[in-house]
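Using the hints, position chain B against chain A.
Number of protein chains: 2
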Amino acid sequence: MIVGTEWLIEATNCNAALLRDESVLRELFGSIITDLELKVLGEVWHKFPGEGGVTGLVALSESHLACHTYPEFGTATFNLYCCRTRAAWGWEESLKAKLEAKTVSVMKIERGDPHLGSRISNFKSEISDQRSQAAGGDG
Amino acid sequence: MIVGTEWLIEATNCNAALLRDESVLRELFGSIITDLELKVLGEVWHKFPGEGGVTGLVALSESHLACHTYPEFGTATFNLYCCRTRAAWGWEESLKAKLEAKTVSVMKIERGDPHLGSRISNFKSEISDQRSQAAGGDG
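These protein sequences, in sequence, are chains A and B.
Under my numbering, the first residue of the first sequence is numbered 723, with each subsequent residue one higher.
Under my numbering, the first residue of the second sequence is numbered 723, with each subsequent residue one higher.
Extracted from the complex, chain A is given alone in its bound form (with noise of 0.2 Å):
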């Protein structure tokens, strides 16, 4: 049984002054929020000192929203996780806007799936035997 879709999302060669700043990444969530109707429980954010990156974390009606940031690697990661249909949200334009990300992988995972966990660890394996196999037909 399926009960959500979780979108997860890695954002590289960001600004990394953007990385540190608390508002930048409430005002990105609050914009996701809004666009896709997303209802707040409670909310946990997080500056590390010094040169350190942004945790936030959002209880949803509808599950989940998080961030973590990597200043030092340019990093930014995000995950959300929906139990109801939502529109898929403009993660490339908005990240590359508004860190001035260079690259952005969305990932998008469904969850409840009681295999997902074997299907994907053995993603390499089976395409590793498949080029086996493959390349024993043309031998």
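Each hint should be verified, as a subset may be incorrect.
Heads up, the list lumps identical chains together, so a pair's fine if it works in one copy or across two of them.
To be verified - Here are the computed lysine to any residue pairs in the SDA-like style, where the Cα-Cα straight-line distance is at most 25 Å: (1) Lys769 with Met723; (2) Lys820 with Gly772; (3) Lys824 with Ala739; (4) Lys820 with Ser745; (5) Lys769 with Ile755; (6) Lys818 with Gly764.
In case anyone wonders, no lab produced these hints; they're calculated from the structure.
Okay, now just chain B, sitting in the frame of chain A:
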């Protein structure tokens, strides 16, 4: 640059009454946090009314821990995101014992990989392409 490891866990065919019991989930989180020596920065818990489930979000110095339960489907999902190396936790044994789960799936993802999204979303098409190639080789 890999910035952290995330485990996505699906526990299915659980005891629905346990999935409605916030104290059971809080105790489970307590075990994880103690066993893995994690440090809590803040948390949000929410019990949905009546027959509804529980949402728990804990911000950690090491990133975050989240759960959502769906008593109506006998399912609970968990995310544990750690930016520092941690031993794998005994999800399968623990969720079978604490939530009476019949099946537990654990998926591990390295966060911060700029190609993560395209790699996984191409998973099915790559498998399919390689099957076609293998079939072509056999013919």
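Do the hints match the structure? See the list:
no.	hint	in the structure
1	Lys769 with Met723	between (37 Å within a copy, 21 Å between copies)
2	Lys820 with Gly772	within (22 Å within a copy, 40 Å between copies)
3	Lys824 with Ala739	within (15 Å within a copy, 47 Å between copies)
4	Lys820 with Ser745	within (11 Å within a copy, 39 Å between copies)
5	Lys769 with Ile755	both (21 Å within a copy, 21 Å between copies)
6	Lys818 with Gly764	neither (27 Å within a copy, 29 Å between copies)
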